[in-house]
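Trainee: Listed here are the chains, written in short residue letters.
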Amino acid sequence: MNLQAKFALYNAITKIAIILVLGSIILLSLETISSNHLDARLKKKRLKVIENLNDNEINSLIKNNHSFTDYNILKEEFIVLTAIPNTGNIDTTIFFKTDRREIEGDIEIYRILNDQFEFRNKRYKLELGETMTAMDSIKTTVRFYMLIVLVIALLITLITDYAFTNLILKPFYKIIDQKINKVNDPTHYNYANIPTNTNDFRILDNSINSLMRKIANLFLLEKQFIANVSHELLTPISILSSRLENMLASEDLPLAHENKIFASLKTLNRLKVIINSLLLISKVENEQYLKTDDIYIKQELDDIYEDLEDRIIDKEIIYTNTVNENFFLTGNKGLIHTLLINIINNSIKYNIKGGKITISDHINQKMYVLSIIDTGIGMEKDSASDAFKRFERKNNNTEEGFGLGLAIVNSIAKFHQLNIKIQSEKDKGTEIEIEFPIS
Amino acid sequence: MNVLIVEDEKALALEMNEFLSKEGYIVEHAWKKSSAEEKIFVNNYDFILLDLGLPDGDGFEVLKQLKNIKNRDDAVIILTARGAVDDRIKGLEEGADDYLPKPFSLNELMARMHAIIRRKHKLEKNEVKIHDFVLDIQNRTVSFNEERIPLTKKEFEIFNYLVLNKNRVVSRMSLTEHVWGDILEVNSDSNFVDVHVKNLRKKLTQCTLTDWFETVRSIGYRINY
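Chains as they are written, first to last, in this note's numbering: chain D, 12 to 450; chain R, 574 to 798.
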């Protein structure tokens with residue numbers, strides 16, 4: 012649940028609670044007020060009845076008791092007088108109760124005053140009732156309107172809260188979206204502040220900006236560092252290799268020296284390849300490459316086959332390419348080419364004579380998967396997982412230029428958000444799966 | 574042809590000088606940006622080999638200065654060890670003719686210079702004659718007595734590279750790098766290139782004697798002309 016929905020929900024719940032509490036207070040006080048009111052009225056009536064008492068009245072009341080006759084058709088009130096035996100103490104306290112009474116077939120709730128009194132040495136019990144139906148109907152009405160008000164208030168607050176929080180949180184979501192979600196590297200970062208008058212968001216925006224500035228500076232420093240290292244290392248190699256080349260060109264060179272010079276050139280070349288590989292990895296990790304080319308995997312594989320054809324023929328390898336999907340991704344064409352050629356070149360290099368290389372593809376939920384299977388010398392189970400570790404450059408004792416090729420593959424894959432899986436069995440072969448996310 | 578080498582690394586400039594002088598180029602040096610700018614202002618050059626990291630400024634500024642002078646047709650090849658990815662794009666955008674990252678093989682430099690000469694001077698016929706063979710650079714074909722020899726792409730590339738560097742030993746390594754440049758391999762001294770050369774030579778020998786196509790011991794090959 013996002014922040015906005017949480018705010019709206021919280022507001023709705025608190026409002027419901029407030030309305031419920033207020034409503035029950037109103038209902039409760041309504042009841043107290045009305046019963047107090049009724050009680051006062053009943054007391055007044057009792058006084059009236061008792062003041063006007065005479066024999067006739069008593070007789071008529073007692074006689075009427077049998078039929079419970081009321082003197083108003085709405086049965087709002089009733090009066091019951093019964094004679095009670097003249098024994099014991101007389102309880103003259105007046106008390107009230109709320110009770111159901113059946114009057115002429117209708118059951119209704121009444122507020123009833125109970126009283127006992129003596130008149131001309133006879134004891135009587137008096138019950139005066141006043142209906143509470145009116146009260147109840149008022150309560151029902153109040154309850155009903157309260158419910159309506161509650162629902163309407165709820166709806167209105169939900170909508171307004173949602174709209175309001177939406178308005179308030181808009182800059183926040185914009186910051187999250189534009190400054191965090193959509194940013195992969197500091198070179199494509201927009202430092203312009205997102206307009207907002209909420210201080211907290213301004214602080215957030217500025218902190219992200221300053222963080223990004225720091226990262227951008229680091230990236231720039233790293234770029235300069237790479238350029239410097241590159242210059243410092245490659246210039247001497249350049250001098251040496253030119254010098255050796257010039258020496259080789261002289262006609263009167265003794266054969267033994269010539270061989271040594273050539274061997275030195277080869278060694279120098281090895282150094283150059285290693286440095287260039289490391290620099291390539293650093294430059295990829297430093298995100299110096301653009302990712303703006305449309306790369307068709309099928310086309311790349313065809314190009315690579317052309318480049319490697321002679322090696323495949325030389326090793327009499329059965330090369331099968333069943334790539335079918337017309338998948339393309341946007342990235343750096345040169346790098347993807349390097350990635351694929353490194354993997355395929357490995358599967359040629361470590362293959363047996365007359366072995367097989369099978370390249371196939373399929374699409375599997377949101378992924379385009381390219382798999383390269385060879386029948387090469389393979390690796391032990393742990394070295395296959397080690398190969399992954401070497402991807403991470405944890406272990407850099409490169410035997411046979413193996414680690415760097417995979418390290419290059421790994422850094423290019425990471426740069427393009429590709430996932431590479433490797434499965435290998437000693438003397439059986441290796442299977443490499445490259446997963447390309449489908450955007 | 575005259576060449577200006579703009580390079581602060583004197584040892585490297587001297588080696589390039591030695592190599593180019595042997596080829597009959599007249600070579601001048603500039604060690605700094607300021608002296609390079611003076612020189613290009615005074616003289617025309619066929620080639621300016623421009624290093625980017627100069628002690629008193631960026632080689633790009635020299636390039637800019639040159640492009641500001643009217644009616645100049647000096648070919649510029651950027652030679653740099655800086656290795657920033659965008660340098661290449663920037664260099665070509667600013668009007669350099671080629672970009673060669675250091676360390677480069679002098680043979681490769683020669684090949685690039687030849688390619689520029691052909692492009693710049695729009696040689697009437699984009700053809701190179703070598704003994705009785707004719708290389709059509711544009712269409713990438715080789716013919717003997719007007720009859721086409723069926724060469725593979727790689728074989729043509731090798732032949733062309735050797736012809737561009739004729740009378741010079743071209744090492745196997747340099748050939749491999751030229752033909753399969755983008756495969757970064759530590760042990761690039763493979764015999765793949767030998768297989769191609771063998772096939773190439775077989776095809777050429779079917780037409781005529783090719784004793785001018787030399788294998789230079791363990792090092793590489795040379796075409797004498």
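Calculated from the structure, these hints are not laboratory results.
Hints may contain errors.
Unchecked claim - 27 Å max Cα-Cα, derived DSSO-like pairs, lysine-lysine:
{"#": "1", "chain 1": "D", "residue 1": "Lys-309", "chain 2": "R", "residue 2": "Lys-726"}
{"#": "2", "chain 1": "D", "residue 1": "Lys-364", "chain 2": "R", "residue 2": "Lys-771"}
{"#": "3", "chain 1": "D", "residue 1": "Lys-271", "chain 2": "R", "residue 2": "Lys-640"}
{"#": "4", "chain 1": "R", "residue 1": "Lys-612", "chain 2": "D", "residue 2": "Lys-271"}
{"#": "5", "chain 1": "D", "residue 1": "Lys-225", "chain 2": "D", "residue 2": "Lys-309"}
{"#": "6", "chain 1": "R", "residue 1": "Lys-583", "chain 2": "D", "residue 2": "Lys-277"}
{"#": "7", "chain 1": "D", "residue 1": "Lys-432", "chain 2": "D", "residue 2": "Lys-225"}
As the list claims (entries may be wrong) - Incomplete in silico selection of chain D near chain R, CB under 10 Å:
{"#": "8", "residue": "Asn-204"}
{"#": "9", "residue": "Asn-208"}
{"#": "10", "residue": "Ala-238"}
{"#": "11", "residue": "Ser-241"}
{"#": "12", "residue": "Ile-248"}
{"#": "13", "residue": "Lys-277"}
{"#": "14", "residue": "Leu-301"}
{"#": "15", "residue": "Asp-304"}
{"#": "16", "residue": "Asp-313"}
Owing to the predicted nature of the structure, the values given are computational and were not obtained by experimental measurement.
Just so you know, even glycine gets a beta-carbon here, dropped at the ideal spot from N, CA and C.
Trainee: Each hint: holds or not?
Mentor: Going down the list of hints, with the structure as the test:
no.	hint	result
1	Lys-309/D - Lys-726/R	holds (21 Å)
2	Lys-364/D - Lys-771/R	holds (21 Å)
3	Lys-271/D - Lys-640/R	violated (45 Å)
4	Lys-612/R - Lys-271/D	violated (40 Å)
5	Lys-225/D - Lys-309/D	violated (40 Å)
6	Lys-583/R - Lys-277/D	holds (24 Å)
7	Lys-432/D - Lys-225/D	violated (34 Å)
8	Asn-204	violated (28 Å)
9	Asn-208	violated (40 Å)
10	Ala-238	holds (5 Å)
11	Ser-241	holds (4 Å)
12	Ile-248	holds (4 Å)
13	Lys-277	holds (5 Å)
14	Leu-301	holds (8 Å)
15	Asp-304	violated (13 Å)
16	Asp-313	violated (13 Å)
Hint compliance for this structure: hints 3, 4, 5, 7, 8, 9, 15, 16 are broken, all remaining hints hold.
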